[in-house]
Amino acid sequence: MTTNAILQVIVFFAVLLALVNPLGWYMARVYEGKPCGLDYLLGPVERGMYRLGGIRPTEEMDWKRYGMAMLFFNAAGCLFLYGLQRLQNLLPLNPANLGAVEPNLAFNAAASFVTNTNWQAYGGETTLSYLTQMLGLTVQNFVSAATGMAVLVALIRGLSRSTSTTLGNFWSDLVRSTLYILLPLALLLSLLLISQGVVQTLSPYQTATLLQPVSYDKPVTDTNGMPVLDEQGKPKTESAIAIEQILAVGPAASQIAIKQLGTNGGGFFNANSAHPFENPTPLSNFFEVLAILLIPASLCHTFGLMVGDTRQGWAIFAAMTFLLLSLIPLGLWAEQRGNPLLATVGIDQQAQVSQAGGNMEGKETRFGIAESVLWSAATTAASNGSVNSMHDSYTPLGGLVPLFLMQFGEVVFGGVGSGLYGMIVFAIIAVFIAGLMVGRTPEYLGKKIEPYEMKMAALFILIMPFIVLGFTALAVGTEMGRSSILNPGPHGFSEVLYAYTSQGNNNGSAFSGLNTNTPFYNITGGVTMLIARYWLAISTLALAGSLVRKKTAPSGSGTLATHTPLFVTLLIGVVIVVGALTFLPALALGPLVEYLLM
Amino acid sequence: MKEQIRPALTMLLLLTVLTGVAYPLAVTGFAQVFFQDQANGSVITREGKVIGSRLIGQYFDKPEYFWGRPSATAPFAYNAEASKGSNLGPTNPALIEAVNARVATLRAADVVNDLPIPVDLVTASGSGLDPHISPAAAFYQLRRVARARGIEESVLRDLVAQHTQGRQLGVLGEPRVQVLLLNLALDKRR
Numbered sequence: 232m233t234t235n236a237i238l239q240v241i242v243f244f245a246v247l248l249a250l251v252n253p254l255g256w257y258m259a260r261v262y263e264g265k266p267c268g269l270d271y272l273l274g275p276v277e278r279g280m281y282r283l284g285g286i287r288p289t290e291e292m293d294w295k296r297y298g299m300a301m302l303f304f305n306a307a308g309c310l311f312l313y314g315l316q317r318l319q320n321l322l323p324l325n326p327a328n329l330g331a332v333e334p335n336l337a338f339n340a341a342a343s344f345v346t347n348t349n350w351q352a353y354g355g356e357t358t359l360s361y362l363t364q365m366l367g368l369t370v371q372n373f374v375s376a377a378t379g380m381a382v383l384v385a386l387i388r389g390l391s392r393s394t395s396t397t398l399g400n401f402w403s404d405l406v407r408s409t410l411y412i413l414l415p416l417a418l419l420l421s422l423l424l425i426s427q428g429v430v431q432t433l434s435p436y437q438t439a440t441l442l443q444p445v446s447y448d449k450p451v452t453d454t455n456g457m458p459v460l461d462e463q464g465k466p467k468t469e470s471a472i473a474i475e476q477i478l479a480v481g482p483a484a485s486q487i488a489i490k491q492l493g494t495n496g497g498g499f500f501n502a503n504s505a506h507p508f509e510n511p512t513p514l515s516n517f518f519e520v521l522a523i524l525l526i527p528a529s530l531c532h533t534f535g536l537m538v539g540d541t542r543q544g545w546a547i548f549a550a551m552t553f554l555l556l557s558l559i560p561l562g563l564w565a566e567q568r569g570n571p572l573l574a575t576v577g578i579d580q581q582a583q584v585s586q587a588g589g590n591m592e593g594k595e596t597r598f599g600i601a602e603s604v605l606w607s608a609a610t611t612a613a614s615n616g617s618v619n620s621m622h623d624s625y626t627p628l629g630g631l632v633p634l635f636l637m638q639f640g641e642v643v644f645g646g647v648g649s650g651l652y653g654m655i656v657f658a659i660i661a662v663f664i665a666g667l668m669v670g671r672t673p674e675y676l677g678k679k680i681e682p683y684e685m686k687m688a689a690l691f692i693l694i695m696p697f698i699v700l701g702f703t704a705l706a707v708g709t710e711m712g713r714s715s716i717l718n719p720g721p722h723g724f725s726e727v728l729y730a731y732t733s734q735g736n737n738n739g740s741a742f743s744g745l746n747t748n749t750p751f752y753n754i755t756g757g758v759t760m761l762i763a764r765y766w767l768a769i770s771t772l773a774l775a776g777s778l779v780r781k782k783t784a785p786s787g788s789g790t791l792a793t794h795t796p797l798f799v800t801l802l803i804g805v806v807i808v809v810g811a812l813t814f815l816p817a818l819a820l821g822p823l824v825e826y827l828l829m
Numbered sequence: 081m082k083e084q085i086r087p088a089l090t091m092l093l094l095l096t097v098l099t100g101v102a103y104p105l106a107v108t109g110f111a112q113v114f115f116q117d118q119a120n121g122s123v124i125t126r127e128g129k130v131i132g133s134r135l136i137g138q139y140f141d142k143p144e145y146f147w148g149r150p151s152a153t154a155p156f157a158y159n160a161e162a163s164k165g166s167n168l169g170p171t172n173p174a175l176i177e178a179v180n181a182r183v184a185t186l187r188a189a190d191v192v193n194d195l196p197i198p199v200d201l202v203t204a205s206g207s208g209l210d211p212h213i214s215p216a217a218a219f220y221q222l223r224r225v226a227r228a229r230g231i232e233e234s235v236l237r238d239l240v241a242q243h244t245q246g247r248q249l250g251v252l253g254e255p256r257v258q259v260l261l262l263n264l265a266l267d268k269r270r
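Top to bottom, those sequences are chains D and W.
Sequential numbering of the first sequence, starting at 232, is according to the numbering used here.
Sequential numbering of the second sequence, starting at 81, is according to the numbering used here.
For reference, chain D alone in the conformation it holds in the complex:
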């Protein structure tokens, strides 16, 4: 770890901390329907939308209706996105003349974007038209995030209302999240990013004449565009010279802003935020990585305000920050140390004034080790999944950090909305465990935690390890799964484990050496993402529906205070023990063995 790396981490957390209070307060105003400063501008739009949709925003919904509305809306979005990809070759705004997306890939991408995962089995600039990126991906970036926020707000109302039956109105929460929170922030961030050099244009790709032509081996293709094989079955090549470079551009900034803010992560370009047009400077990188954690962190304060005790929000924020901060140094150390296998051939991996050093395979010069590692931790702590360096090329322990952070169940900040509702479920488990220890009925925020709540919480936490480990076992046990692996040995196992961990937690980042654009991975991955998102959201709503009916009991002398350092410690312990230790045996087979072999 270098001094500068430590400084960059401190600056990052200081700025984040400074923004949590004002944004958390603003979001609480939005959800409580109080004036928030943008009402004059956006109020007419909001009311117009309700009128056209036949929605009465004040009409209260119980948890079943709230859940149904959410499912209908998401199903409609999924079908629309699937259709858009299948028909993009016939639709306008396709200057690169890209063809229709294959059915299994289109299913995977549709599931990926409605579930706020943004797993990228496709390569942006080679697969998706401008129209698909705008009408499909950008839209889902907004509304999948807004869906997560709506479910969170419903759970918060379940905790803060006493002896009621309803949790608010899904449509109103969806529209207000999008209009008042996501859109203004995305507009602001887009402009900051464009000023740094992120592209934003509807013109076709630009052609540049190269200063020095490049000679290369060009694969020979037949008239159908299929590769021609030689006698040994290898693809035939011929020598060719490239004299031009096609610069892929497009309306990128608007999508990148929301992919970062909405913990989405699906890039405009294949290389995601490692691509210089997505993330051109260290400052653009700072804005983008800040945007990853901004809303999930601020929602902690929103939660505190809405339950009428801001200490509750800060306690959860403290637990999240502790978990994230405790893993960043491991990543920094492992990556800065470099790859010992390269040290033998006269390569300088030492950090100096004139170079970042460390393990630079898959990293960009402008970001070096510090910004790459900070990003890899933030993007997997939150369920964002965008990358500014290739996680597959990380050292074993450097790659273990993002993998482990996802295996906490995406509750260390997590997805917008979904991360906090996950953490609240863990808090409920923590008070239950504490209650067992002292033999009292557990309570959280004055609500008695009874068998029904514990059943829902158990459903919530058990399904994720089950699908992640189940599909990983299926993939490494079959040729269909194994044939996609790029790197040999334990690293190949890590690739598969990472793929299902990422999709099973709606993260979306990848050890992308694994070729996941195959029917097997597209379909199992798509199913994983759908279960991970909706199983959890529905059990959360059921939990909220049960909590809202209970009376809020005043806290007595025997009540466990849930804002104290003691409780924060307990919560951290529960997240580690219940959440992540499930994966320890699998981690031992992947990154840990690879580390010992290196």
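Each hint should be verified, as a subset may be incorrect.
[As the list claims (entries may be wrong)] Partial pick of chain D residues on the chain W-facing surface, computed with a CB cut under 8 Å:
(1) Gln239
(2) Thr512
(3) Pro513
Calculated directly from the structure, the hints in this document are not laboratory data.
Predicted model only: the values in this text are computed from it and were never measured.
C-beta: ideal position from N, C-alpha, C; glycine also.
Chain D is fixed; fit chain W onto it per the hints.
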């Protein structure tokens, strides 16, 4: 249940118009007015012709040019239409082989140079389009470029220093040299 269908479809339609059409178009409009250069790819033009972008690297292997990072894009290096990292794991023999081959090429191009090779010069970037190298990687190549061009090393060293960007705001990122701009400046000297 049925009463949810109308709001679901209307909200999807309206939010699509708002976030998928109005929002990107508004951002595009603003970008094209206020940040025209950046929004269109920060291109470098010479005599009306586009010769590259300040943000996207190009491939160099002639001795008289500074070389950039290795690139994993297909079918040729620095293909800006298909960004990609190598994704090779740290223990993959293919990575070690590739790095050894790059070391051999660098050594062969400058046989008397026995300085250790900066790691960024022999490892592929994440995007395959990295426009930068570390100042150390530029200094490593001074002697080769100086000999191929018949220029004093000290002159080159100054040129590299002129093209070195420090950390942004003094803290963020890493110091770096933009290879294409440096090579263009070299050609201009002739």
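Against the structure, the hints:
{"no.": "1", "hint": "Gln239", "verdict": "6 Å, holds"}
{"no.": "2", "hint": "Thr512", "verdict": "6 Å, holds"}
{"no.": "3", "hint": "Pro513", "verdict": "3 Å, holds"}
Violated hints for the displayed structure: none, as all numbered hints are satisfied.
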